[in-house]
Amino acid sequence: MTEPQASQPQETGTPLLEVRDLVVHHGQLRALDAISLTVLPGEVYAIIGANGAGKSTLLRTIAGLHRPTSGSVIFDGRDVSAVRPERRATQGIVMVPEGRRLFGSLSVEENLKVGATYARQGPWNIERVYEMFAWMRERRNQLTAQLSGGEQQSVAIGRALVSNPRVLLLDELSLGLAPVVVQRIYGMLPQILETGLTVLLVEQDVSQALRVASRIQCLLEGRTTLEGSPADVTADQVEAAYFGLTGAASASPADDRSEA
Amino acid sequence: MAWVNAIIQGILTGGLYALFACGLSLMFGVMKVVNLAHGDLAVIAGYIAIGVITVTHVPVLWSVVIVVPVMAVLGYVLQRTLIQSSLDRGVLTTLIVTFGLSVVIENGLLQFFTANSRGIGAEMTLVTGSFKIGSQIEIAYLLLLIFAVAVAVLLGLQYFLSRSKYGRLIRAVADDKEAAQLAGADYRHVFGIAAGVAFGTVALGGIAFGMYSNLDPTTGTDTILLFAFAAVVIGGLGSLWGTLLGGVVLGVAQQIGAQINISDELLAGYIVFLVVLVLRPQGLISRRAQP
Chain W
546 MTEPQASQPQ ETGTPLLEVR DLVVHHGQLR ALDAISLTVL PGEVYAIIGA NGAGKSTLLR
606 TIAGLHRPTS GSVIFDGRDV SAVRPERRAT QGIVMVPEGR RLFGSLSVEE NLKVGATYAR
666 QGPWNIERVY EMFAWMRERR NQLTAQLSGG EQQSVAIGRA LVSNPRVLLL DELSLGLAPV
726 VVQRIYGMLP QILETGLTVL LVEQDVSQAL RVASRIQCLL EGRTTLEGSP ADVTADQVEA
786 AYFGLTGAAS ASPADDRSEA
Chain B
16 MAWVNAIIQG ILTGGLYALF ACGLSLMFGV MKVVNLAHGD LAVIAGYIAI GVITVTHVPV
76 LWSVVIVVPV MAVLGYVLQR TLIQSSLDRG VLTTLIVTFG LSVVIENGLL QFFTANSRGI
136 GAEMTLVTGS FKIGSQIEIA YLLLLIFAVA VAVLLGLQYF LSRSKYGRLI RAVADDKEAA
196 QLAGADYRHV FGIAAGVAFG TVALGGIAFG MYSNLDPTTG TDTILLFAFA AVVIGGLGSL
256 WGTLLGGVVL GVAQQIGAQI NISDELLAGY IVFLVVLVLR PQGLISRRAQ P
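So the sequence lines, in the order shown, correspond to chains W and B.
Residues in the first sequence are numbered from 546 upward in steps of one, following our numbering.
Residues in the second sequence are numbered from 16 upward in steps of one, following our numbering.
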């Protein structure tokens with residue numbers, strides 16, 4: 546299925562989040578087909594893939610918003626497959642959803658307060674978010690609709706951080722944002738990781754994902770086509786896995802052959 | 016002066032209508048539930064108040080202390096069970112389910128308490144007393160009290176929604192319940208709290224109406240629910256203070272109609288309701304458009 550990769554140094558640690566043979570259907574459509582992944586504490590794990598590859602479905606299933614047909618999600622050694630999304634959030638699986646999904650009739654600060662309502666104990670609070678995003682304090686009473694896309698994304702990240710997640714799921718942070726803004730937001734990642742968080746992110750922007758991730762997995766039409774650390778995979782392998790071209794690590798059908 | 020009196024009476028009656036309407040508006044704004052049993056629940060609250068007063072002999076106004084919490088708990092329980100399970104099957108299902116609930120309540124009341132109409136505390140001076148301004152204008156203590164209670168309820172609701180933890184959660188869930196779940200909030204619980212608050216306000220409406228007029232098993236749908244709907248539509252869906260404005264407009268229209276011809280009271284109210292629906296379907300105070 547996947548080309549064997551050089552064994553990772555972290556692989557000795559116990560995984561924080563594990564997905565085993567996950568199958569998810571949207572009606573008749575098989576959105577995810579036997580996906581497995583293991584996220585170790587403190588790492589940045591990136592899922593890449595084209596539109597409709599099943600990346601967001603994977604993240605939403607881990608957060609509890611989709612019910613898997615089969616397979617399981619294991620968090621900190623416990624099977625959480627049947628746990629409701631709000632319970633998963635309070636246990637430490639917190640997602641920044643695609644498209645930000647801020648509360649439009651609430652102010653910036655109120656959005657953060659909602660995030661902090663059911664927070665676990667931990668290093669993050671609203672004050673610390675204000676320190677990280679300096680502009681936010683002055684504009685805390687504004688409605689989020691009045692913010693730019695990048696600012697909204699920062700509030701969405703802040704709202705997730707104040708609940709003190711153990712694993713932060715980031716769904717397409719770059720969506721609809723200018724490259725400069727994307728750079729700036731990803732530039733915050735080290736500060737976030739410093740506090741001991743683990744990050745599982747989904748990204749269409751492959752170069753961005755390769756830059757920040759310790760390991761990546763590429764999805765194509767709900768299947769894994771490539772898995773490894775960015776240092777170990779070549780650009781050609783990524784391209785082949787992303788577009789489903791044969792001749793690389795992928796197991797895609799032969800009639801897909803073109804300029805690989 | 017008779018016209019001025021009509022307008023003043025209309026404004027004061029508007030407070031009563033706002034008490035009917037604000038819970039209906041809250042449940043629609045948060046859960047998208049159009050609660051067709053809303054009026055019948057007000058009648059139930061009134062009947063419970065009569066029962067409490069008869070059994071315990073507490074002063075009429077003290078019955079509020081018992082009835083409002085009872086109705087709030089009933090609201091939470093009904094939301095978590097019947098209404099939530101109908102919501103899970105689609106918004107239209109809630110219409111059918113609350114309509115069914117309304118029929119069940121009405122017929123249950125008919126069965127157990129007959130079709131006789133009952134009033135609350137009719138012997139009190141508060142209910143019958145009034146004071147005069149000039150020779151033509153007579154203001155009933157009760158209507159003035161009801162209006163003051165309505166304003167206090169709306170102020171309280173506004174404070175609760177904008178300042179308290181649960182108020183914030185209610186607004187967040189109304190915006191995006193999935194995003195609220197991702198923040199750890201159980202939206203079903205939050206819905207239950209919103210329904211509890213809404214039922215608490217309608218309990219006040221039912222008791223107020225029982226003191227102002229009489230309650231019988233059909234009052235819920237043929238008066239309270241209709242006036243609540245009219246007030247909500249005139250004022251603007253989802254707007255809290257719009258329910259008071261809508262109630263006042265409805266009340267003034269009715270009183271002016273009655274001044275022209277006593278039998279035109281209800282008709283005048285519904286004509287204004289229809290005119291607003293045609294000319295300004297979003298209501299007089301339209302809620303800020305949201306992305």
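Don't read these hints as lab results, they were simulated from the structure.
Don't take every hint at face value.
Derived lysine-lysine pairs resembling DSBU-like cross-links, with alpha carbons at most 30 angstroms apart [to be verified]:
1) B/K47 <-> B/K192
2) B/K192 <-> W/K658
3) B/K47 <-> B/K147
4) W/K658 <-> B/K47
5) B/K180 <-> B/K192
6) W/K658 <-> B/K147
Facing chain W, from chain B, some residues (calculated, C-beta under 7 angstroms) [as the list claims (entries may be wrong)]:
7) S179
8) R183
9) R186
10) A187
11) D190
12) A194
13) A198
14) G199
15) A200
16) D201
17) I277
18) E280
Computed from the model, here is a short list of chain W residues facing chain B with C-beta under 8 angstroms [unchecked claim]:
19) L585
20) P630
21) V639
22) M640
23) P642
24) R646
25) S650
26) L651
27) E655
28) Y663
29) Q666
30) R704
Backbone N, C-alpha and C fix where the C-beta goes; we use that ideal spot for every residue, glycine too.
Where does the structure disagree with the numbered hints, that is, which hint numbers, in rising order? 3, 6, 7, 17, 18, 19, 29
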